[in-house]
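So the chains spell out like this:
Protein chains: 2
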Amino acid sequence: MKKPQLVWDIKPVSYILGRDALRLSRKRLEEFNKRIVLVDENTLQFCLPVFEEQMENLRIDGVISINTNVNNKSIDQTIHVWNELAKLGAERDTLLINLGGGVVTDLGGFAAATFKRGISFVNFPTSLLGMVDAAIGGKTGLDFGGLKNQIGLFTNPICVVIDPIFLKTLDQKQLLSGYAELLKCGLIMDIDLWDSLESQRYDKVEEWDSLIVQSARNKVDIVRHDTFEKGLRKILNFGHTVGHAIESYLLNKGLDITHGEAVAAGMICETYISSKLYEFECKRIKEIITTIDHNFPRFNLKKDDIPALMEFLKHDKKNKGGQYRFSLLRRLGKAVHDIEVEDDLIRESIEFYIDHKDCECEED
Amino acid sequence: MKKPQLVWDIKPVSYILGRDALRLSRKRLEEFNKRIVLVDENTLQFCLPVFEEQMENLRIDGVISINTNVNNKSIDQTIHVWNELAKLGAERDTLLINLGGGVVTDLGGFAAATFKRGISFVNFPTSLLGMVDAAIGGKTGLDFGGLKNQIGLFTNPICVVIDPIFLKTLDQKQLLSGYAELLKCGLIMDIDLWDSLESQRYDKVEEWDSLIVQSARNKVDIVRHDTFEKGLRKILNFGHTVGHAIESYLLNKGLDITHGEAVAAGMICETYISSKLYEFECKRIKEIITTIDHNFPRFNLKKDDIPALMEFLKHDKKNKGGQYRFSLLRRLGKAVHDIEVEDDLIRESIEFYIDHKDCECEED
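The listed protein sequences derive, respectively, from chains P and E. Letter by letter, the first sequence follows residues 44 to 407 in my numbering. Letter by letter, the second sequence follows residues 44 to 407 in my numbering.
Hint data in this document are derived by calculation from the structure and do not stem from the laboratory. Please note: incorrect hints may appear among the correct ones.
Identical copies carry no separate label here, and so any pair may be met within one copy or between two of them.
Pairs of lysine to aspartate or glutamate residues, derived as EDC-like cross-links and limited to a Cα-Cα distance of at most 20 Å, are as follows [unchecked claim]:
(1) K130 / D359
(2) K329 / D299
(3) K400 / E322
(4) K273 / D136
(5) K319 / D401
(6) K400 / D381
(7) K247 / E134
(8) K273 / E134
(9) K357 / E134
(10) K247 / D347
Fair warning: this is a prediction, and the values are worked out from it, not measured in the lab.
Bound conformation, chain P alone (with noise of 0.2 Å):
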């Protein structure tokens, strides 16, 4: 048989970001015969209640509440969401509304994109990461067997809405979380971005609107790009190696750490890693260091706690299909991904991060 050219098209993803987005939102829900809407426990009490007032009267047909102080992101819950689609009879012209951080997103995309073959669903990121990063892209997923976003898909939701109205029911530790996601991006991609966050602690920020817009326009950049993670995709994964591996560690021996804390200590050994391989301005290596640690306290590390660590980074290497390659930092809003690190170099950036220890290079 000849073979023809199959392309599926999707309808493109709207974006809706900043002040009054949700109620500039309102017209897409509108669409929908059926509206239901998925919150947390959190979410339940402090965001829907904003939600239903910015959006004055509009149908909401039912509310589907998980739980996310136990089993996370599980098939559980899923099934949950599931069971209560089906009692709330849910079909293709119903709209599943995510409203939450993270783990409402990524389940709640799973759960719409699997029910009945796919129903519509909707992001409203609550969280700073979720305006920032979880709730765009179109990765969704579960946890299962002990390991993070085991199932999954990539799926994109109808439209997200990123409206800062939302920072205001964060408590400090949660706002803090996001942040270190936002010095990323700046770091990454976008030096006018860090420019404006250098040096500035994150309960200081007067205007957050705009760095959650400039931050999340730049995530929707890469992802339109790269949508399933073959190449570009990847700098989004600066500090995040190091950094998951500090965060299973650390979370394996039972302390109670955020992801961004995690991604904050990566980025600190990551940049090391980048100033060893490439040229680096030496004020730019002390400028990022600086800018993390006015943020965020480093964890109580020991040399001794390397060895371990190194053994994290290598069974992630496993999961991953026997590779570990760094994204990391050509130079300061320019990052290159796939770069292979030798293991004495990795166990020097944590040794760096625990002494903290000072830029060696000359000054400029």
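Given the coordinates of chain P, work out where chain E should sit on it, guided by the hints.
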């Protein structure tokens, strides 16, 4: 923000059809680093040896078996497959080989598409129903909450390999079940295919290869034009509206009937409805009904069963968002879809079936 056109281009599905398809497909399987076969208890025993013999020394890295006797296409079986995939170290360079009938290809496709945000899979249908219908067209699904295919995805295998070699592993009951879809295919879109089936009995067919290839090609043509069942693809539902009601009703009564038997009954009713709505040569109607009757004994339904059957139809309608629209024959070899039919005419068609009535139209 300006709206870009986002197109996800998906590699076209390859179809390898007919005698020797298995051996011809080997090259595609070799492209993967790891190959895992999914079977059920029957195909493990009867089809895997055939597969291995045809593939000679192709390395298989694992076999996962599901049990089709209990909880056929359930989320529990899917979790079992995910667990086994994880144990076998399945990665993005792993291929899942679905070797079985509709249950294996539906469930295996879903499990593969959702494992680590999607690993590749290939369908080797081993039942007649699988070869001419279930394995083609990208519908995957699980039964959930008592409803068929409540959870699922449109997602395509890299390749569908249809080799009639597996027909010899089937018993008569399975062969007959698939035969109904073959008849349907001729009726809705292929008068040549119909002519070679007309007045035949399934157990007297000598030349399966060409029938299967012709029928599979027809389905491929349709799903390429309308993957997401927005229009044309619905003609494949001919016989299935009344057929599903009969299937649910009799299964509910504890009878052990196959999908094909129910569709055969549905096709008699819906041929009757077609003949009332469209001009139809009387000899053609007789020809259709005789050919179906020649293969499928009629169910022992009574007029007292009609109200309950109508309830099942209504239930089905409710599950489909308040719509039941029929796919009917405009003439032999040409179907139309989304046709509204009055309840009275549906009842009349079931009476026609029950009474073994003859065609009432004028002789040509």
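Hints, verified against the model:
Taking identical chains as interchangeable, the C-alpha atoms of K130 and D359 lie at most 20 Å apart only when they sit on different chains, with a minimum of 15 Å there against 40 Å within one chain. In this homomeric assembly, K329 and D299 never come within 20 Å of each other (Cα to Cα): the closest approach is 28 Å inside a single copy and 75 Å across copies. When the C-alpha separation of K400 and E322 is checked against a cutoff of 20 Å, the pair qualifies only within one copy, where the shortest distance is 19 Å, while the shortest distance between copies is 89 Å. For the identical chains of this complex, K273 and D136 are inter-copy neighbours only, at 13 Å across copies versus 33 Å inside a copy, given an alpha-carbon limit of 20 Å.
Taking the shortest alpha-carbon separations for K319 and D401, only the intra-copy value of 14 Å comes in at or below 20 Å, while the best inter-copy value is 88 Å. Within a single copy, K400 and D381 get their C-alpha atoms no closer than 27 Å, and across copies no closer than 72 Å, so neither meets the 20 Å cut-off. In the homo-oligomer, the alpha carbons of K247 and E134 never lie at most 20 Å apart, since the shortest distance is 46 Å inside one protomer and 44 Å across protomers. Proximity of K273 to E134 under the C-alpha cut-off of 20 Å is restricted to the inter-copy arrangement: shortest distance 15 Å between copies versus 34 Å within a copy.
Within a single copy, K357 and E134 get their C-alpha atoms only as close as 44 Å, which misses the 20 Å cut-off; across copies the closest is 16 Å, which meets it. Taking identical chains as interchangeable, the C-alpha atoms of K247 and D347 are never at most 20 Å apart, the minima being 36 Å within one chain and 77 Å between chains.
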